[in-house]
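Visitor: Chains as they are written, first to last, in the numbering used here: chain D, 7 to 252; chain F, 7 to 252; chain V, 7 to 252; chain B, 7 to 252; chain H, 7 to 252; chain S, 7 to 252.
A couple of the hints might just be wrong.
Each pair may be met inside one copy or between any two copies, as identical chains are not told apart.
Derived lysine-lysine pairs resembling DSBU-like cross-links, with alpha carbons at most 35 Å apart [claimed, not checked]:
hint: 1; residue 1: K171; residue 2: K240
hint: 2; residue 1: K8; residue 2: K240
hint: 3; residue 1: K237; residue 2: K195
Simulated from the structure, these hints should not be mistaken for laboratory data.
Number of protein chains: 6
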Amino acid sequence: MKILLANPNITEAVTDVMAAEARRSASPDVEITAATAQFGAQFIETRVEAAIASHALLDILAAEADGYDAAIVSAFGDPGLAAAKEMLDIPVVGLSEAALHTAYTLGRRIVIICLTPRHRDWYGESAEAAGLRDRIVNLRVLPVAVRNISTVVEDLADPLFEECKRAVEEDRAEVVILGGGPTAGLARKISDQVPVPLLDGVSCAVQMAESLARLPIEPPRRGGFSRPDPKPTKGLSPALATYFEG
Amino acid sequence: MKILLANPNITEAVTDVMAAEARRSASPDVEITAATAQFGAQFIETRVEAAIASHALLDILAAEADGYDAAIVSAFGDPGLAAAKEMLDIPVVGLSEAALHTAYTLGRRIVIICLTPRHRDWYGESAEAAGLRDRIVNLRVLPVAVRNISTVVEDLADPLFEECKRAVEEDRAEVVILGGGPTAGLARKISDQVPVPLLDGVSCAVQMAESLARLPIEPPRRGGFSRPDPKPTKGLSPALATYFEG
Amino acid sequence: MKILLANPNITEAVTDVMAAEARRSASPDVEITAATAQFGAQFIETRVEAAIASHALLDILAAEADGYDAAIVSAFGDPGLAAAKEMLDIPVVGLSEAALHTAYTLGRRIVIICLTPRHRDWYGESAEAAGLRDRIVNLRVLPVAVRNISTVVEDLADPLFEECKRAVEEDRAEVVILGGGPTAGLARKISDQVPVPLLDGVSCAVQMAESLARLPIEPPRRGGFSRPDPKPTKGLSPALATYFEG
Amino acid sequence: MKILLANPNITEAVTDVMAAEARRSASPDVEITAATAQFGAQFIETRVEAAIASHALLDILAAEADGYDAAIVSAFGDPGLAAAKEMLDIPVVGLSEAALHTAYTLGRRIVIICLTPRHRDWYGESAEAAGLRDRIVNLRVLPVAVRNISTVVEDLADPLFEECKRAVEEDRAEVVILGGGPTAGLARKISDQVPVPLLDGVSCAVQMAESLARLPIEPPRRGGFSRPDPKPTKGLSPALATYFEG
Amino acid sequence: MKILLANPNITEAVTDVMAAEARRSASPDVEITAATAQFGAQFIETRVEAAIASHALLDILAAEADGYDAAIVSAFGDPGLAAAKEMLDIPVVGLSEAALHTAYTLGRRIVIICLTPRHRDWYGESAEAAGLRDRIVNLRVLPVAVRNISTVVEDLADPLFEECKRAVEEDRAEVVILGGGPTAGLARKISDQVPVPLLDGVSCAVQMAESLARLPIEPPRRGGFSRPDPKPTKGLSPALATYFEG
Amino acid sequence: MKILLANPNITEAVTDVMAAEARRSASPDVEITAATAQFGAQFIETRVEAAIASHALLDILAAEADGYDAAIVSAFGDPGLAAAKEMLDIPVVGLSEAALHTAYTLGRRIVIICLTPRHRDWYGESAEAAGLRDRIVNLRVLPVAVRNISTVVEDLADPLFEECKRAVEEDRAEVVILGGGPTAGLARKISDQVPVPLLDGVSCAVQMAESLARLPIEPPRRGGFSRPDPKPTKGLSPALATYFEG
C-alpha cells in the first residue's frame, strides 16, 4: 500500500518530522511518500494561512496523488480536507479528523493541546466542520512561545507534558490529543507518563488511512463528493487545470 | 463612502451583473468598485472551487482594498469570508451572511433557492459557518439546468419565481433568499409577486457593508480577527507576500 | 426616512438618552422620533416587567407607528419584538437583535456587559429567541449597583470600561456589547480604548433599521408574521382595538 | 388543596370547558377555581395576542392568587408562564409545559395537534422556551376551520381524531397531545381508540400542579425566579402595582 | 393505588431508606411496596454496574409488577428505565427523570449534587437520555468519601448541605437536586436552609408516578414502547422468559 | 494480533455469519475468535433485549477477553459497548460505532438501512450515544419481514439493494450503511452497484479494532473509563464476580 503524506505548509523540516512518525506508525507493507506545499506560509495558524494552504494542498494532490492508495492532509486543523476528499477517488484523511475519531472511541472528555493561541480557534472550527466538536471539553494553549517549528519535540517536550497533566487534573480529560503536526512523535515517547490515552495526529491518520484503503469501498459517483462536470478555469497550475478538464 | 465588491470567480460578466445591482442598492454617497478573481473557475459550486476562490479573493483584497471603507465577498456561499475579515481592517461582508442576517430579522422560516444541486450543500455549510443555519427550513434547487451563468436573470426568471412560490406553499417559508451572485437584480423585479419578503444577496450585502462602515467600530487589536505577527512565505503574489511581512 | 424609537419602559429620561444616541447614529436624511411607554415599570429587568412592557410597546406602536419607515424596540432584551414585527408592515428591530447581528459579522466570541444580575438571564433568553445565542461566550454583570438609570453613562463609565477589559482578558472576547438602553452613547466614547470592537445597541439598531427600510422588501402576506384575521377583543386601548378590527 | 385556573383569553365559555375538565382530573381533596382575563382577545393565536394575554394573566394572578396552593396558566402555548412563575410563591404550571413533561415520560416521538396554523408556530416556540422541543417530531394542523371556539369538543371530535390517527401512521408518533385549551375533555373520550397515549393539557396540568404542591419545596429566595426589589410603576392595575411595591 | 419501588442495586438497607421517603411522600391512598435486585453490585456507579443493574431491574419487574398501578426505578441515573417503560403496561418513572422534570418547572439553572465522581458522568448521560440535559449547569461531587452507603443521610448531611450552598453561590443554581437514592429523605430536612428549591429523587418520583397513574392514559399498542412479538430466549429467569413468550 | 468478536445475542448461526466476514476483512496477521452470548434473546431489537444483551456481553468479555489485543461488540446498535470499554484494558469497538466513524470520513449525508422497524429507534439512539447522530439523514426500514435471521444475506439481498438505491435517490445519501450483524458480507458483494460508498459494520469494526490495537495507546488510569475500586457483588457469574474483586 502507498500513502501520500501532503504537508500544506512550506517547511520541509516539518514534513520530515511528520513523515518519520508516519513511517514509525505504518504497517510493514505500507510505503509513505511525503510532499510539501510549493507556496504559502512557514506555519499555518490563521484563517488566511489556512485558506492559502488549502489551495496549495490541492495543487500537491492534483500533481502527485496518482497511483496512491490513500492520502493524508498532514496539518492539524485539516486545511482543504473536504475539498481534497471531493477531488480524489482514494481515501483522504486529516490529522485533526483522525485524532478526533480515534479519541471518540476511547473516552467522553477530549482535550486538545495547542502550540499557539491562534490554533485554539482553528482547531475548534475544524472539529466543528468534522462534526466532532461536542466531546472536546477544552483546547489548551502551551504557555511558552514556539521559537522553532521544526524542533518542537526536542524543545518543548516538558511544557507539552505539563499541559497534558493539567488537562487530566483540571479538565478531567479522558483522552488528550497533542495538536499540531510539529509535535509528531512525542506522544509515543511520553504516553506511559500520562494517565489517560494520549494521541498524535500523524499516527492516527496513518492508521485511519490504512483502514479506509483496506475496506472494499467504491468512490462516490453521486452526491457532493463525486466528480463534478468539467468547467473552464484560468491561472491554475497545469495539474489543477487538468483536473478541471474532467 | 467607497465599497470594494470582489468577485471570487473569474467571470467578469457575472461581476458586472452583481456590480449593477450593488449600485442600484447603494446609498447616493456610496461608490462601488468591482474586481474579479485572477485565477480559479468560471463559477463556484464545489469545495475545490471554493478553496481556490478563497485564495484568489485574498489576492484581490491584498492588492486592491487599500483606501476602501468596506468590502464585499461577492459570491453566495462566502468563500474566504472569515479569512478576509481577519486580513482587513475594514468591515467585510459576504452575500450569504448578509442575506441570512437580514432574513433572521424578518421571519423564522427561511428558504434559499439554489441554482444547482452542488450549491445546496455549500450554502448549507456556509450558513453553519456563519452560525445562521438553524432557521433555514429548506434549500431548494432549480429544476432546470443553468446554461449561461451571465444571463440567469433573463433566462431563468420564470423557474426561479416558480421555486419561490413552492417555497411558500410547500415549506411554509416566511422569507425567501435567491441564492447565487448571478441572480442579482431579480429579487427587486418579482418581490411584489411573492407573498413573503424576497431577498437578494448583493443588495443585502451593500446595505450591511454601509451600516458597518457607518458605525464607530475600531478594528480588533486582540483575538482571532486581529493582525497576526509577520511570517516567512513562499510563492505568493507580491501583495499577499507584503501582507505577511506585517 | 422616519424612524420611531419606542422605549417600552416608562422613564422619559432614558428615552432621551437613547434618542440622543439614535440621532448621533442616524444618516443625515433620517428623522428619529421617540416615544415612551404609558404604563409599566421604571426599568425592565424581570420577566414580569418584560411581559408588561411588551403590551405597553404594542400600545405605542398601534397608536404611533403610522407614517414611519421603520421602528426600534428600544430596550435591550427586546421585549415584545416578535409581536411588534408581526403587528407592523414596516421593519422593526430591537437593540439586542441589532447588536448581536452586528457582532456576528465581526467576531466569533461575543460578550455582553449587563447592568444588573437579572439582565444576564433575560439577555441570554432574548438572544436565544433571536437564534443568536451560540456565539455569546459570557454575559458579565457590572459589580456595582446602578443608582440612577438615567445617568449611567456619566456615573458608571469607569466600571463599564473595566468590565470590557475583563471580557477581553478573561473571556477572550472578540466583540463586546454594552447591554442596556441606558448605556447608549458610551461605546463611541471609549471604543478606542477597548482592543476589540465595542458595540452599542441603539446605534446598531438605527443602522439596521435604515438598512431594512432601504431594501426593496415587501411586507409578508403569508406565514406567521402576516396580518391575521380580525378578532373580537375587550378592554384594549383604542389603537390596539382598532388593530384587531383588521 | 386549592388550585387557581387562570384563562388568559377573554372567553368565559372556554374557561368553563377547561374548568370542567380540570375538576374531572383533580384528586378528591382539590378545589378548582377558574378566572378569565379582563382584557385581550377572544382566542390566543398570534404573538400580539400572546403578549397582551401575558399581561392580562399577571393581572389575574396579582389580584386572585392569594390563598391558593398552585396556579395553572390555562392556555396551550403558556403565555406569560415564566413571568407568572417569577411572580408567585406557589407552583405555577402551563398546559403546554405539563403536557410535554408528561409526554416525555411516555415516549420518544411526540406530536401536537393544533387547531389553527398560527398555533403551530406558537406551540413550537413555547416548547423551545420550556426546553422541551427536541422530541416533538411534528405539529399537525386541523384541516378544517374552527368556527366556534367554545364548542370544539362537540364540533370537531371527528377531524381531531382523524389527525391523531395520521400522527401515528405518518409521523410514527409514540405520544399525541391535543393542543389548545378548547379541546379540554376530548382526550379522555377517545383515548382508547388511539393506539398510543393521548394527552390533554388541562388534565396534565392539574396533575402536575397537585404534585408540585404536595412536594416539600420552598419558594426561591435567590436567582431569576425570586422576588425582585420594589420598583416605581405607572398605569398598572391596583393589584399589579401592589406587587411592584414589594 | 399501589406503587412498586424497585431498587436495582443489591443493598436492602438502601431500599429501606428509599421506601421510607417514598411512604412519607405518597398520598394517603397510595401503598408503596419495595423490592431489591437479586444480583448485581452493592452500589451503582459505573457503566458496568448500570448494565448489570438494568437486567436485574427487568428481572424484578417481570416477576413482581403484576397488579401495581405504577413502578419506580429507584436508583438515581435510572438504569434500565427505558427498557422498563417498554416492558410494562403501567407507568414507570426513574429518580433522575422525575427530579429533572420537576426541576424544569421550577427554574432555568439546575445543579445536581453527586455522592461520588463516577456518578457525575453517569447522571449527565442519563439526563441526556431523558432529553433533559440542557438546563443542568453543573454536576458537583461531594468532596468527602462515602463510607457507608446506607447511612448517608446521617453521616453526610453537613457536607451535602455545604455543596448545596456552593451550587447557589458559585453556579447560580435556581434549583438543586440531591442525587443518589441513598440521600432520600435529606432534602425535606434541610430545604428551608437552602435559598432555592431543593429536590429529592424519591419524593419527585412518587409524585410523578401517582400523577401518571391518575391520568386516563392507555398503554401504547404501536411504536417503540409497545409490546413486541414473542421471541425465543435462553438462560433467562422464569418470569423474564415468560415475558418474552408474549 | 488476536481479536475477540463477541455476539451479544444467543444465535450461533449469526455469530458464524459475522465471524466469516470478520475473517475476510482482517489483515493477514490477525486471528479472529468468535463467542456467543450464553443468555438472552435470539435477536436484539428492543430496549429490553439490549439491556439483557449488555449483561450477557459483559459476561462473555469477563470470561474470555484475556489474551486478546482488541474486542468487537458484534451487534449493530452496540449493546453494552460503553460498559465494555470501561471494563477492558484493550480497545473495544462496536459495529454501529465503527460504521459511523468510517462514514463520517466519507460523506456528509449518511443513511442506515435497518432490518426491522424496532431497529430504527435503537440504531438512532446508539448513534446519539456515540456522539455521531448529526450526519444521519435517514434510517430506512426494509419493507419486507425478516423470516430467518441467519440467512439474511441470501434471502434479502434484493430488497436490501433496492433500499440502498432509494437512500441515494430519495435521501441524497452520500454514504449508506447496511445495519444489522446478520447482513455481514453483503456490502462487499453489491458495493459496485451502489453509486456511493456502502459500509458493513463488521468489516469497519475489524479495521477499527486493528487500528486501535496498533496505535501506542495506554489504557486509562484516570476518569470514567479507568478501572474502579473493588465492590461487593451478589449472584454474578464467576468471571464477572472476579472482575469486581479488582
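Visitor: All the hints need checking, so say for each whether the structure fits it.
Guide: Verification of the hints:
Neither within a single protomer nor between protomers do K171 and K240 lie at most 35 Å apart by alpha-carbon distance, with minima of 51 Å and 38 Å respectively. Both within a single protomer and between protomers do K8 and K240 lie at most 35 Å apart by alpha-carbon distance, with minima of 32 Å and 28 Å respectively. In this assembly of identical chains, the alpha carbons of K237 and K195 lie at most 35 Å apart only when taken from different copies (30 Å versus 48 Å within one copy).
Consistency note: the structure conflicts with earlier hint 1 alone.
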